[in-house]
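Colleague: Residue strings, one per chain:
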Amino acid sequence: MTSHVGLLLVFSVLVSATFAVLSRDGLREQAWFAARLFGAFVSAAYVLGWLLYPLPL
Amino acid sequence: MAQPSGRTTTPTQALIICAAAWAVPGAGHFWLGQAQKGLSLLVLLTVLFSLGLWIEGRLFPFDFTDPLVGLAALADLGVGLPYFLAKALGAGLGRAVAVTYEYGNTFVIVAGLLNMLAVLDAYDISQGRK
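Top line first, the protein sequences correspond to chains Z and B. Counting in this note's numbering, the first sequence runs from 295 upward without gaps. Counting in this note's numbering, the second sequence runs from 20 upward without gaps.
Simulated from the structure, these hints should not be mistaken for lab results. Because the structure is a prediction, the values reported are computed rather than measured. Misleading hints may appear alongside valid ones.
Label pairs and their computed distance ranges (CB to CB) [said to hold, decoys possible]: (1) Y340(Z) x L108(B): 33 to 41 angstroms; (2) L303(Z) x A38(B): 32 to 40 angstroms; (3) G147(B) x E323(Z): 19 to 27 angstroms; (4) L139(B) x E323(Z): 18 to 26 angstroms; (5) R330(Z) x L112(B): 36 to 44 angstroms; (6) G320(Z) x Q32(B): 37 to 45 angstroms; (7) A338(Z) x K106(B): 32 to 40 angstroms; (8) D82(B) x E323(Z): 40 to 48 angstroms.
Just so you know, even glycine gets a beta-carbon here, dropped at the ideal spot from N, CA and C.
Hey, can you work out the whole structure from these sequences and the hints?
Modeller: Structure representation (C-alpha cells):
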C-alpha cells in the first residue's frame, strides 16, 4: 500500500469515523457526520494540493 | 449531538475509567454502557495504529533533546496497551527511506491523540456532561 491517494482515503475514513463516534449519538447521525467529514477531508486535500501545485517547493 | 446522560461518578471511579479508556481504546465507553461507541473506537483506533506500523511508521523514542521526537513519543503512548504490545513484538522501528514512512508516523501519532480524545470523552460522560 504505497498510493498517496489511497492512504489519504484510508486515513480520512478512519479519522472521520472516530470523530463521528465521539461527537454524535446514534448510528445514523454518526454515519451522516462521518460522511460529511470525510468529504471535507478529501476536498480540502485536493483544493490545497492544487493551490500548492504552482509553488516551487 | 450527544446529550448529557446525567450520570456522575466519584473521582476515584472517574480515574479508573480514564485509565481503562487509555489502556484499551473504547474501554471507557464500554464501562459507561456505550457499547457501540466502545466497540467502534476499539476497531477504528486499533486499525489506524496497526496500519501505521504496517506501512513502516515508527514508535518514537522518549528523546526530549529534540522536542518534536519527544512529543511524538508521548502521542504514540496515547494509544495505550497496543503501544506496549507493538514494542514487545519489535514493531514500530520505522524505515525512514520507505515511501510511506511519514504516512505511517502520522497514522500512529493520530491514533494515540484520538485515543486521548476518547479518554477525555469518557471522562465527560462519567461526569454527566455528555
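Colleague: Does the hinted range 33 to 41 angstroms hold for Y340(Z) and L108(B) at CB?
Modeller: 37 angstroms, holds
Colleague: I want to verify a distance hint. Is the separation of the beta carbons of D82(B) and E323(Z) within 40 to 48 angstroms?
Modeller: Check passed, 42 angstroms falls within 40 to 48 angstroms.
Colleague: Between R330(Z) and L112(B), does the C-beta distance stay in 36 to 44 angstroms?
Modeller: The hinted range 36 to 44 angstroms holds for R330(Z) and L112(B), with Cβ atoms some 37 angstroms apart.
Colleague: A range of 32 to 40 angstroms was offered for this pair. Does it hold for the Cβ distance of L303(Z) and A38(B)?
Modeller: Holds, at about 34 angstroms.
Colleague: CB of G320(Z) to CB of Q32(B), is that within 37 to 45 angstroms?
Modeller: 26 angstroms, violated
Colleague: Evaluate the given range 19 to 27 angstroms for the C-beta pair formed by G147(B) and E323(Z).
Modeller: For G147(B) and E323(Z) the Cβ distance comes to about 21 angstroms; the hint holds.
Colleague: Go ahead and decide if the range 32 to 40 angstroms is satisfied by the Cβ distance of A338(Z) to K106(B).
Modeller: 34 angstroms, holds
Colleague: Is the hinted range of 18 to 26 angstroms satisfied by the C-beta distance from L139(B) to E323(Z)?
Modeller: 20 angstroms, holds
Consistency note: the structure conflicts with earlier hint 6 alone.
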